[in-house]
Amino acid sequence: MPEAPRFISRPPFAARMHFRFASRWFVVLVVAALAFTAVGVYVSFPRTFVLMATTTSTRDSGLLPYLLPAFTADTGIDVRYVAVGTGQALDLGRAGDVDVVMVHAPSLEKAFMAAGHGLCRIPIMFNRFVIVGPPADPAGVRDAANVTDAFNRIRSAEARFESRADSSGTHNKELRLWEALGLNPSAFGAWYERTEQGMGATLTLASERDAYTLSDDGTWYAREGSLPHLALLYDRADLLLQNQYSVIPVNPVAHPGVKSEPAVAFASWLVEARAQSLIAAFTVNGHVIFAPNADPDAVGAC
Amino acid sequence: MLVVAGDLVGITLLSLLVSGTSTLLATLVAVPLGVTLGLREIGSQRLLRNILFTLYGLPPVLAGLLVFLLLRRDGPLGSLGLLFTPLGMILAQFVIVTPILLGITMSVVATVERRVKDTAFALGADRRQVSVTVLHEAAAGILTGVMVGFGRAISEVGAVFIVGGHIEGRTQVLTTSIITDIQAADYADAVGLGAVLLIIAAVVYSLLYRLQERTLP
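Chains as they are written, first to last, in our numbering: chain A, 1 to 302; chain B, 1001 to 1217.
These are computed hints drawn from the structure, not numbers from a lab. Cβ coordinates follow ideal geometry from the N, Cα and C atoms, glycine included.
Beta-carbon label-pair distances, calculated as ranges:
| hint | chain 1 | residue 1 | chain 2 | residue 2 | range |
| --- | --- | --- | --- | --- | --- |
| 1 | B | 1050 | A | 187 | 43 to 51 Å |
| 2 | A | 256 | B | 1191 | 41 to 49 Å |
| 3 | B | 1061 | A | 256 | 27 to 35 Å |
Selected chain B positions facing chain A (in silico; Cβ < 8 Å):
| hint | residue |
| --- | --- |
| 4 | 1017 |
| 5 | 1020 |
| 6 | 1025 |
| 7 | 1028 |
| 8 | 1167 |
| 9 | 1168 |
Rough simulated footprint, nothing fancy, chain A against chain B, three-plus residues with beta-carbon under 8 Å:
| hint | segment |
| --- | --- |
| 10 | 1065-1075 |
| 11 | 1084-1097 |
| 12 | 1182-1188 |
Given these sequences and hints, build the entire structure.
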């Protein structure tokens, strides 16, 4: 230890030097931390935009990136969104963490409204669920008489099936279809796999594992090109496969912090002829996805 | 979604801002605290160390969940309106980085102290001078802790996804963008973002490494 003798010869000086060394770093650190935090505060507040909670399908299909700029151009209101499962989207609305929700699970939406969390529930449009699976179609889904028959064939063949299992609108629909057959997936064997992930991730899994799955047509057409081991096997205008989307501004009485006025403006804009025709004109890789079916009178409840 | 150049810059800057701020704030809290705890023999120190090493392995996704529950409007800090903001993400990463940095600082200081103390006392140093010497000798090790902490923060995805919400032009960072790119099968974009992440790591680490060399005794 060559430095050690300094304690004997010049202790006060050495100590001062070390303290100066440490305090200089401390000052640099404090200044940097303050500056960074200030930038963090600057980019966090104030929130000037309307915040919407919606499902991954509206993002993954590309509808929101297509629709929102038109709304902003018409009204000057900025809408941003978090894309989560329907379960979490409604929960964020329930807590007042977002200003408006756009989801596709009518039964859950009705419960949300009944509990007083929503100002009004406005049906906007619908798309369709499709069944995709291995091109060889070992369960014979292509020949099914209807969608429940298709599901029954998958179960009879015990062909591998990927369930979203994530409380999403799509998962909700899948459970309803098994229910229509008088079946409960909890009794299913190893062929029934639960991904607990979004539509995109579940499609990738189904493709890699030669499995069937239920998908919304928008995500399917957006992802089709990257799923070489999957084919569209059941795509018919079955009423059971209709997927209704609604928009619900969060109730400002229950949650005083929400930006209610611009949220209602957004909902009202969606039912207008311009937005409805924009929705009808929206295509994914050449396929029309959404059929607008808004009821203009529904806005009156807001 | 295809990442355009402007988005990429914004996403990269936000990644740096969130992880940089959380690491700086964690340093400010953890280093003085870790030095104090490392230098002093406290009776309950073993218990404290056990708690700390448990937090050391705190899964980022659990930290994200806890901060999410804390920040939502119904939660204890709901009135601050920090959910789905960069500041909220900073808080989440602060929770992840602080125990790591605290643990490393404590270990480094305690180890150096054991090595230096007797010699320094023998050479006539008083209590304060011993502390100063230990601090000087431990600086390089503490800086390693800062590097590890920043590495954990910038590569972390679970907490920033839950607390940030991945809002376009607002709370999207490199790691969350990679996840959503993979979900949308934009693998080329995902790889590109991964490359940016790697470049950031290379630049930041080479800077910190240079700093570390200067602090070596």
